[in-house]
Amino acid sequence: MVERVAAAAREAPWVEVDSLSQVTEDICRPIGGRPTVLWWVGFLLALSVLGVGTAAIGYQIATGIGTWGLNRTVGWAFDITNFVFWIGIGHAGTLISAILFLLRQRWRTSVNRAAEAMTLFAVMCAGLFPLIHMGRPWLAFWMFPYPNTRGSLWINFRSPLVWDFFAISTYFTISLMFWYVGLIPDLATVRDRARAGLGKRLLSWFSLGWNGSYRVWQRYEIVYLLLAGLATPLVVSVHTIVSWDFATSVIPGWHATIFPPYFVAGAIFSGMAMVLTLMIIARATMRLERYITRRHVDVMSKLVIATGGMVALAYGTEFFMALYSANQYEQFVFMNRALGPFSWAYWTMVSCNVIAPQLLWFTRVRRHLGAVFAVSIFVNIGMWFERFTIIVTSLHRDYLPSSWADYAPTSIEVATLAGSVGLFFTCFLIFCRFIPVIAMSEVKGVIGTPSAGATGQPERPPERLPALAGMEA
Amino acid sequence: MANDTAPRYWRNLDERDAGQGGPCGTDEFIEPVLPDLFPRRGFLKAAGFGLAALAAGCTRAPVEKAIPFLVNPEEITPGRSLYYASTCAGCSAACGLLVKSRDGRPIKLEGNPQHPLSRGGLCAVGQASVLELYDNRRLAAPQRRGQNAPWAEIDTEIVARLGEVRRRGQRVRVLTGSVVSPTLQAAIGRFLSSFDDARHVVYDALSSAAILEAHERTHHVRVLPHYRFDRADVIVGVQADFLGTWIAPVEFTRGWRDGRSLDGTPPRCSYHVQAESILTVTGSKADRRYRIAPSQTGLLLRHLARHIADRTGVALPIGDLPPAPVADSELADLATRLHATRGRSLVVCGNQSLDDEVVTNLINHALGNYDAGATIDLVGRPSKQKQGSDRELRHLLDEMEEGAVGALFVLGANPVGDLPRFHAFADLARKVPLTVGLASSPDETSQVCTYVCPDHHPLESWADAEPVDGIVSICQPVLEPLGDTRSALESLAVWTGTPQSAYELVREYWERVVFPRAAASEPFETFWDRAVEQGVITLPTAARALPTVDLAVLNRIAPLAPAGTRAINELTLVLYPTVTMLDGRHANNPWLHELPDPISKVTWDNYASLSPATATRLGLGEGKVVRLEAAVGGAGKAAMELSVYVQPGQHDDVVAVAMGYGRLGTERFARVGPQWIDAQPATEGDGPVGVSVAPFLELTEGTMRYTTRVVTIAAAGRTRPLAATQRHHAITASPRLGLAATVARPIVRETTVAALAAEGASRDRSGHEPIRPDLWPDDHPYAHRWGLVIDLNACTGCSACVIACQAENNIPVVGRDEVRRAREMHWMRIDRYFSDTGDGSVDVVHQPMLCQHCAHAPCETVCPVLATVHSAEGLNEQVYNRCVGTRYCANNCPYKVRRFNWFTYRHDDVRANLVLNPDVTVRSRGVMEKCSLCVQRVQEAKAEARRLGEPLRDGDITTACEQSCPARAIVFGDLADASSRATKLAAGGRHFRVLEELNVRPGVGYLSVVRHRPAQGDDKRHG
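Sequences listed follow chains Y and F, in order. According to this note's numbering, the first sequence is numbered sequentially starting from 1. According to this note's numbering, the second sequence is numbered sequentially starting from 474.
Because the hints were derived from the structure by calculation, they are not lab data. Among these hints, one or two may not hold up.
[Stated by the list, open to error] Which bits of chain Y does chain F cover? Going by a derived footprint, with three or more residues having C-beta under 8 Å, they are: (1) 58-65; (2) 156-164; (3) 249-261; (4) 357-364.
[Stated by the list, open to error] Label-pair ranges, simulated between beta-carbon atoms: (5) F/GLU1350 / Y/THR173: 31 to 37 Å; (6) Y/ASN148 / F/GLU1350: 19 to 25 Å; (7) Y/VAL52 / F/GLU1157: 52 to 58 Å.
Since the structure is predicted, the reported quantities are computational estimates derived from the model, not experimental observations. Idealized CB from N, CA, C, for every residue including glycine.
Given these sequences and hints, build the entire structure.
This is the structure in structure tokens:
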């Protein structure tokens, strides 16, 4: 164990800067400064898309779910597709912050802050859809198990939608906690740099009187470790439970035991792709080349190809199980997916999720930012279509051919999807302006100077690795 | 309480002096318990006001004041339904009705089980006609040239002008549809008797005049015989949709079903052959179905006659014939079967060709089917359901052309809308000095009439009916007329000069004519009360001898025209009535427009049906608009543009278009559905629903012809998708989707009569039931387990149940666009599957599909808020006010029977809302709904049994769908009761459950389809 910790310490520094203060300078620069033109363009674009989506949702709530393209046979389509898509995106954050932390993947320090923020915003987007997909969203509070006067009418604990509610709210709470706790040292740094005023007072309040003492650092490390341990099962549980929405049903194409691992792998796959998309953009627009290096991109790409492989395996397994089951409905659903009216969606999914990531086997591709960016976009699109395929193709032709129907989205649905993207980017761009996008305190643990190379790390903040090693010992 | 003899006590002298002392104890507390300052009532008022003020901010809907009856009508108990026996006026079949009246307003029509013809059945049209009572578009007052005027003025003017007509000796004509009411018939006769040259002209938009004419030729009586399908063991239907639209489909369906009851050993099952050009409801139920072109009908019948003549020895002089359209061996086999069942066989033809009808009559004559007690009743109790004479209609048109008609009264008919020369009749009517229409809604004819004297809705007036000789029924009013309308009986009486109420007229007629015929020993009062209570009386008939038949009549029929050659884009136009729209007299009824056609499943439109081969040949696909053109009446040209529908089982030389569409007034349905940014109007260019086919009708050889016009067909270059509720028509899918797609799904089971007979005594399936694993112990035995058993063999797909369910359960109309988006709301649908027979025809299965009330319901486990739960009586219950609308239950329903309220559907027509059933919630937007197995009827029957202190008997509860099923295909019952009919049926060998292998344990079961098939494999799964 000790050797491995030492080896980890010996590996080439992930970030090379001249001094620790430069880290602070680089990362705090956007905070409080004047936003760039690029930021304004992005922000206004995101905000206007969000506005369009809000108008669409407003119209839908005022008029009825009928403004979506759903019908008596296809009761869910864009709504739940978007929900599962965003929940999936949210997975990378926890994975990076919790599991990779426990596995002592030091490269995570450059991306974990942004990834966790991404998680929060993605879960916010995701949470929107179960709400607005209801016929009577103003009664959404009936999903809470709260004491009431209706003869103590309880919720149905057998319903996967109820499990979903718990899973997602837990996930959001833990993610928020984890993100915030990780943010405290950096908030203190920003507080110390801020001019007196309301901002400083707020920062003082949120940094909880952080003073950088050894005692504070030690407690902080313990809390962070415990939270990482708490969050780890959630990475698996949330998407497992989301997959039960489908797996516990009787609909062929949904009723499958493979769904939990399949969904978790798919979620990490899509989440890593979204982290890549965001980090490559942030790197270019916020001058973070030193902190998010090609090595970082390379490592994350490896995760993408690994999870992509799992997803591809799941696709194959589904077909095999359909064949092996000798169940005609099951067999039909999968043939219908590949060759039926929605085959275009299925093959879009396969091309984006199975074929495109194969490029990442090549080191040159993994280190080429443009190529990785393109692949990550493909994966994002492919994973949206995966959920669309699972939901719509299973529903539209199920047991009784008399009820088979088609589905096409309306403009309102498309606007709602766009609106959720707008919400996500609006939140993310605001986050970039006010909060350090890279965890300064953590990055400082993995830096080296360009001259000193791997071994000569001149000044290190209170080392957290020995503390960790000590605890494990 | 206090009466004068009670002793008065007092407590003190003041009280005694005041004389107020009541019986002891009534006024015990002289001091108020609470000080006056804050009395109890005051406190409650204040508290209530405070609460109300608090709650006012979050009121959901404005409170509307309801004013109760000040003096309650004696017979009305709020909350309890009353049933009145009456007669349906939806078409001329005059089925028996029970009008369900609730709080003084009729809300549903049901079949009268005591009626000897309809026997409790009622078709979709009949049931839907209750909605027309509350139609805002009905005329509310008489009109003179389109302007409302008082009755007195109008009557004075009409009588004055009639006087002028009488003085000038001009002709007076009354044009009606078939008049099944003997009182009305008499009233018309009395009215006309005061004129020198007066005649009553009868025509039917759906004419059967050729049958009457043919009997005049062969049997010398001009009557429509009463067909007894219940007595027939072999039925041959030739271009006659007797289960769907022909003459009296409800009665015929029941008779046909009785002949296929599968009771006894060997099971009773008539052999039914249908030869037709288009696929009809009747053809869909045939054991053997031949596709023939309309022009081949005569040839087929003549070949059949030849075979029959060979077997019976009756000399039917049939000349040399070209080869038959059907293999001769098959016809020979059919003739053998017909011959073997002489007197119990029946051949019917409905193509309106006089010659073909004559041949049909002679076939039936040769088979002895006219004999007493046989299948055709010509002299005992002939039918009066079709009396029209197209020849007389033709004559009337000529008279009008000449300007010889002085006064024309149109009653119960819409000649301007119906007749081929659409504009011409309007022009002819303008040549008549006095035209009076008695329509109750504005129609094409009332627009050209000088005076419109609106008739009551049949539910508002007294009338009677005698659809079949000696079976007389009463039509009684169940509410005060909603508008200032007047019964046609009364109008005629006023113009005759003897004003009388309809009640008096009917009663008087019954006393004078019907009562003596009844030869009853009871006084008339009792007889009348019994008639009104039961709704129908069967009168004895005098035995009459069958007229002799002149076989030489065959020599007078025209030789068959040789088959002409035809251009590649020419097709024969077949105009047919649909089960929903008939001749169009109910075109104002949105329920019927939204009812899917039983065969095509298309709603809200008529369309050009083409066979798949013809559609491929012409390069036309479904939804492509085509233009049909024909030369009519010399230089005239008729044209119409319709969407194509590809109809398997139709003949390749035929394009079929439904009648009854394109009616005046249906423009109002353009925006009947929810209106939102993407909503499409229900009609094209805000015009009427569908296209009128009247210009294409032919009135030749003295009969109205529906199947003779040759039209050219050409693509119009645009597309208009049809709104069909079912788009996939087979139980299998395309082989392109892999092998699994081609395997028939075990949804419908089918067997043959031979296999069923062979099964014989071993039909008990106890032990045959597969054991299904269960996660839960079966420790909650049901007190009742309500369920349905639906006999797919009896079900004809007529869709009466769909409308029954709509009326019973307040199901909204959603409009064409929503149906096109697959969002129809019907709780009960009829799935219809085709399978190829290999000879171009198709086998058809109709499967009513509704909530299966699963014991292990997949919908129940997934609802997050427990809005759908299982009752202790086995019902799957939907709790509307708990539903938040996640639609998860609908997704997880293997039968896809759940319906979601996508919008707030319109209930803004206050008058139309009167038809709503107060026992069933009107659902709001965003909630799920589905079949409740008429839980309100279950509860009503249980409450009634409890009130009477009697146990609930099997049959006390009928669901709406079961009640009106003309084929008695649906049986509701308690599956936990071993003696119920449903349980017994469920134990039979034909019983199966749909998707049984999912182990959801449905409460609804089905009985397999049984057909006569040449010896082959037995238990075939449909495919």
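Output the indices of the hints that this structure fails to meet, ascending. Numbers 4 and 7, in rising order.
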